[in-house]
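Asker: Let the sequences and hints guide you as you build the complete structure.
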Amino acid sequence: MKKTLTINLSGLVFHIDDDAYEKLYAYLTQINRHFGNDAEAKEIVEDIENRIAEIFTEKIKSGGEVINLDHVNEVIVIMGTPEAISNEEEEKQPAAGKKFYHTGGKRLYRDPEDKVLGGVCGGLGAYFSIDPVIIRIIFALIFFLGGNGSRYSKRSYGNSC
Amino acid sequence: MNIDNSKAQMRKGILEYCILLILSKKPLYASDIIGELKAAQMIVVEGTLYPLLTRLKNDGYLSYKWEESLQGPPRKYYELTPEGTTFLSELEISWSDLVEAIKQLKDKG
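Quick mapping for you: the protein sequence lines, in order, are chains A and E.
Numbering-wise (numbering that gives the first Met the number 0), the first sequence opens with residue 0 and increments by one.
Numbering-wise (numbering that gives the first Met the number 0), the second sequence opens with residue 0 and increments by one.
Treat the hints as calculated values from the structure; they're not laboratory data.
Because the structure is a prediction, the values reported are computed rather than measured.
Any given hint could turn out to be false.
[To be verified] Straight line, CA to CA, 25 Å or less: simulated DMTMM-like cross-link-like pairs of lysine to aspartate or glutamate: (1) A:K60 - A:E73; (2) E:K11 - A:D37; (3) E:K6 - A:E88; (4) E:K64 - A:D17; (5) A:K41 - E:E91; (6) A:K60 - A:D17; (7) A:K2 - A:E39; (8) E:K37 - E:E91; (9) A:K60 - E:D31; (10) A:K60 - E:E67.
Answerer: Written out as structure tokens, the structure reads:
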């Protein structure tokens, strides 16, 4: 026995198995993430959902009342995973008028997602692709040994005079 | 250099041209276009086409009409706009230039 859910896809109602729903939901989330958030992306995702609804309708017509995991897997093969899509897509041209597109170079930021105090070490870690913990240890060492450093430099100034 | 990657790069460059070419004959909906592109081994997954159609439409080269369908939700039938026709003829010139350039390079040797 399986639990079935009811979904609305492009205005059409489908009964769908629990596991098939999870798979479809995960797929559509990936697709959404792939295309982004602007109006153009919204239209693309709508078109894709429309097409999925059409494929489901065909499936139901050819027998069966419920969308199952096989149907969803078939849809993913037809529409393509985000990876397959980006392999075939043209490189996105930066739209005219968009000021803040990323040129692909590395930029150094504080990282609010990975922070203990201000996110500085997290940002440095992400920039140099090393574990921020290592940078935190180096910072801590500099902090505690800092005093010694200045004493040495004072001494060396003294020698040079 | 990987041969599959090089082939994919070549195909990507002429996908827009192929779509406009297909639509210059008659208005079609996405799945029909996909069918022709698949037959020509230009693309494998349908998901590739939707962003291209939307971009060409937003750039003013394509327009679409909704048509009811018995097989599910209404379909968008795409066709070339006058700008699209002009754009296509420019692409055609550029394509023949490319073919000619390759021919000349081949004949040189």
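Asker: Next, verify each hint and record whether it holds.
Answerer: Hint check results:
Proximity of A:K60 to A:E73 is assessed by CA-CA distance (about 16 Å); at most 25 Å being required, the pair is judged to hold. As the CA atoms of E:K11 and A:D37 are separated by approximately 23 Å, the hinted pair is consistent with the 25 Å bound. Restraint check for E:K6 and A:E88: the C-alpha separation of about 13 Å stays at or below 25 Å, so the hint holds. At most 25 Å may separate the alpha-carbon atoms for a hinted pair to count; E:K64 and A:D17 exceed this at roughly 36 Å.
Of the supplied pair hints, the one linking A:K41 and E:E91 is violated, its CA atoms being roughly 31 Å apart against a limit of 25 Å. For the given pair, A:K60 sits about 21 Å from A:D17 by alpha-carbon distance, which is consistent with the 25 Å threshold. Taken as a hint, the A:K2 and A:E39 pair is broken in the structure, with Cα atoms around 36 Å apart against an allowance of 25 Å. For the proposed pair E:K37 and E:E91, the alpha carbon gap of about 21 Å is at most 25 Å, so the pair holds.
Distance hint between A:K60 and E:D31 is fulfilled; the C-alpha atoms sit about 20 Å from each other, no more than 25 Å. Proximity of A:K60 to E:E67 is assessed by CA-CA distance (about 17 Å); at most 25 Å being required, the pair is judged to hold.
The structure fails hints 4, 5 and 7 (numbered hints given earlier, in ascending order).
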